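Working from the sequences, and respecting the hints, build out all of it.
These protein sequence lines map, in sequence, to chains C and P. Letter by letter, the first sequence follows residues 1 to 261 of our numbering. Letter by letter, the second sequence follows residues 1 to 326 of our numbering.
Fair warning: there could be bad hints in the mix.
[Claimed, not checked] The calculated BS3-like cross-link candidates involving lysine-lysine, where the alpha carbons are at most 30 Å apart (straight line), are:
id : chain 1 : residue 1 : chain 2 : residue 2
1  : P       : LYS177    : C       : LYS5
2  : P       : LYS268    : P       : LYS295
3  : P       : LYS135    : P       : LYS148
4  : P       : LYS135    : C       : LYS101
5  : C       : LYS5      : P       : LYS135
6  : P       : LYS244    : P       : LYS295
7  : P       : LYS24     : P       : LYS36
8  : P       : LYS148    : C       : LYS5
9  : P       : LYS177    : C       : LYS101
10 : P       : LYS34     : P       : LYS24
11 : C       : LYS101    : P       : LYS39
12 : P       : LYS205    : P       : LYS135
13 : P       : LYS205    : C       : LYS101
14 : C       : LYS101    : P       : LYS148
15 : C       : LYS5      : P       : LYS153
16 : P       : LYS226    : P       : LYS39
17 : C       : LYS101    : P       : LYS153
18 : P       : LYS226    : P       : LYS177
[What the hints assert, rightly or not] Derived CB-CB ranges, DEER-like:
id : chain 1 : residue 1 : chain 2 : residue 2 : range
19 : C       : TRP172    : P       : ALA198    : 40 to 46 Å
20 : C       : TRP172    : P       : ASN157    : 36 to 42 Å
21 : P       : ASP139    : C       : VAL123    : 39 to 45 Å
22 : P       : GLU146    : C       : LEU153    : 46 to 52 Å
23 : P       : ASN157    : C       : VAL131    : 40 to 46 Å
24 : C       : TRP172    : P       : ALA223    : 39 to 45 Å
25 : C       : ARG22     : P       : THR45     : 56 to 62 Å
26 : P       : PRO154    : C       : LEU91     : 20 to 26 Å
27 : C       : ALA23     : P       : ASN47     : 53 to 59 Å
28 : C       : VAL123    : P       : GLU202    : 49 to 55 Å
29 : P       : VAL38     : C       : ALA188    : 42 to 48 Å
Derived from the structure by calculation, the hints contain no laboratory data. Note that the structure is a prediction, hence the values are computed from the model and not measured. Yeah, the Cβ is synthetic: ideal placement off N, Cα and C, and Gly gets one too.
Chain residues, written in single-letter form:
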Amino acid sequence: MNTIKLAWTYMRIGMLNELQYRANFFIQLFQSAVAVGTGLIGLSLVFGQVDNLAGWSRGELLAVMGVHILMGGVIRSAIQPNMERLMNDVLNGTLDFALTKPADAQTLVSVREFRFWQLTDVVVGLVILVVAVTQLQAKMEALQIVAFVAALLMGAVLLYCVWLMVTSIAFWVIRVGDIVDLFQGLYAAGRWPVSVYPDWLRTGLTFLVPVAFAVTVPAEAMTNRLTGETMLFALGLTLLFVILARVVWLIGLRSYSGASA
Amino acid sequence: MSSVVSISQLAKYYQVSEREGGLKASIASLFNRKYKNVKAVDGITFNIEAGEVVGFLGPNGAGKTTTLKMLSGLLHPTSGSVDVLGYEPRHRSHDYLRQITLVMGNRNQLTWDLPALDSFDLQRAVYGIPMDQFKATRDEFIELLELKDLVTKPVRNLSLGERMKMEIVAALLHRPKVLFLDEPTLGLDVTMQRRIRAFIAEYNKRYNATVLLTSHYMADVEALCKRVIVIHHGRILFDGDLSKLVNQFSSYKTLSLSLQNPDVDLSKYGEVVSKEDGRVTLRVPKAQTSQVTAKLLSELQVDDLTVEDAPVDDVIDQVFSQKEDA
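Now the structure itself:
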């Protein structure tokens, strides 16, 4: 309960802060528009050549694109800013302040930043998704929406866990800034369903950077492709990653307390 | 045990990789890294009682910050024991962290783009301070430090001194019982230093807080601390009253005198430190002070003469250089 209260306080203050800078909203809107535009051009190029891509129709791929943009918004509003700040804190020694607070340190470093305007992408992604789904079928079933939301949440948690593990490397090597770029590059691969990629890449996108679960699976939920097994597997993987991330974080923290000057 | 802070045989060693300069050496060190054990803190023991304000002195790299970090739970000791308020800091128990604070003069925790008031709100959420207590403390501190017009400005628009005041308010909002202050007045001008000093003294008085403070400004220490602990190369050189430190280590006193005839050469009485506006400052070995004073008064036309202990700064300097030679 305290965690939610804490997160909400940070979110509220982050929001207040960003509302001062209206220009950011328009810049963000412009970026979203560019992303949507290039995405649509990409889709029409593909479907100028073929009728379907690895079994995905045009409407279904539009849904994937919607989820990709939506999840991108979640990453840039809530996950990435916190992880970048954590990295800087380790670099500058200001993590000491977070560690002397009477709150769980992992929770604290995960909720401190919130970029309100990046939520534009969440809205834009949702709109695209709704357009795609109405093209595909007339009516949404309640269960489908529940499965979609659950898949989306698990996907976000998975991405957060991977990012936290990668950032925790900063406890040992201090400079991991480039890893953020790598991560973004891999996330970009998620704009297509992972089944279009060769096996080795698909495995990487499933387990190393779980783009498959963050984007493809929620999109499957919206396009009647999702099976119960996939959902169960996603749940299992999410739990495993939550535990793994916690362990890596704790070991990193111990090394920070054990050696740093 | 009534001590608030109790440290026994505390040590912290670091493993530091070392290599010589140059490309060849740095490539070699990739494969065969040599480590050196650095003894940042090497077996120190002291107690601090409730309500005490203790100055923690030593040159850069003496082990002050390392000790403060062990006290606040950030670093785990290599050996020895630490006990603060009955807790072992390294466990970072939330009940413990709620009762202490750590201020580092060279680092900020306030959010740069936000007014300090918002950062205060965050502190309230993190520490779970009840609203009425929070408001009372916040307003009390804002008034004491005269920050009323500044708390609504983004922190980035504040001067260094104003920012430091805000940092201290933020760090004390939860009314900690134990304060670890690492160079709280670093880089501030004299007026601002004095303000912050007065505030710390006031806080200590109002809440009977225990304070362990490091500073390079002896004025801070003289104004706030009755007791000082001097640390060098990770070991304690002195622990006791500030006045005793001066007595024990100072080998000379300072004589300041006005003469009717300011042009007399005084070098045979002692070392002339300065000579301006007819006032001369002499440095005289402590044992000879009374002898020299008597001689001056009988041989010259003296208008005024005062005998003072050497400035604490100089004494500290001397302490370190003596031990360096030993």
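Now for the hints, and whether the structure bears them out:
no. : hint                            : result
1   : P:LYS177 x C:LYS5               : 26 Å, holds
2   : P:LYS268 x P:LYS295             : 11 Å, holds
3   : P:LYS135 x P:LYS148             : 13 Å, holds
4   : P:LYS135 x C:LYS101             : 20 Å, holds
5   : C:LYS5 x P:LYS135               : 19 Å, holds
6   : P:LYS244 x P:LYS295             : 28 Å, holds
7   : P:LYS24 x P:LYS36               : 20 Å, holds
8   : P:LYS148 x C:LYS5               : 28 Å, holds
9   : P:LYS177 x C:LYS101             : 15 Å, holds
10  : P:LYS34 x P:LYS24               : 14 Å, holds
11  : C:LYS101 x P:LYS39              : 28 Å, holds
12  : P:LYS205 x P:LYS135             : 20 Å, holds
13  : P:LYS205 x C:LYS101             : 24 Å, holds
14  : C:LYS101 x P:LYS148             : 26 Å, holds
15  : C:LYS5 x P:LYS153               : 25 Å, holds
16  : P:LYS226 x P:LYS39              : 28 Å, holds
17  : C:LYS101 x P:LYS153             : 25 Å, holds
18  : P:LYS226 x P:LYS177             : 19 Å, holds
19  : C:TRP172 x P:ALA198: 40 to 46 Å : 43 Å, holds
20  : C:TRP172 x P:ASN157: 36 to 42 Å : 37 Å, holds
21  : P:ASP139 x C:VAL123: 39 to 45 Å : 40 Å, holds
22  : P:GLU146 x C:LEU153: 46 to 52 Å : 48 Å, holds
23  : P:ASN157 x C:VAL131: 40 to 46 Å : 45 Å, holds
24  : C:TRP172 x P:ALA223: 39 to 45 Å : 43 Å, holds
25  : C:ARG22 x P:THR45: 56 to 62 Å   : 59 Å, holds
26  : P:PRO154 x C:LEU91: 20 to 26 Å  : 23 Å, holds
27  : C:ALA23 x P:ASN47: 53 to 59 Å   : 57 Å, holds
28  : C:VAL123 x P:GLU202: 49 to 55 Å : 51 Å, holds
29  : P:VAL38 x C:ALA188: 42 to 48 Å  : 45 Å, holds
The structure agrees with every numbered hint stated previously.
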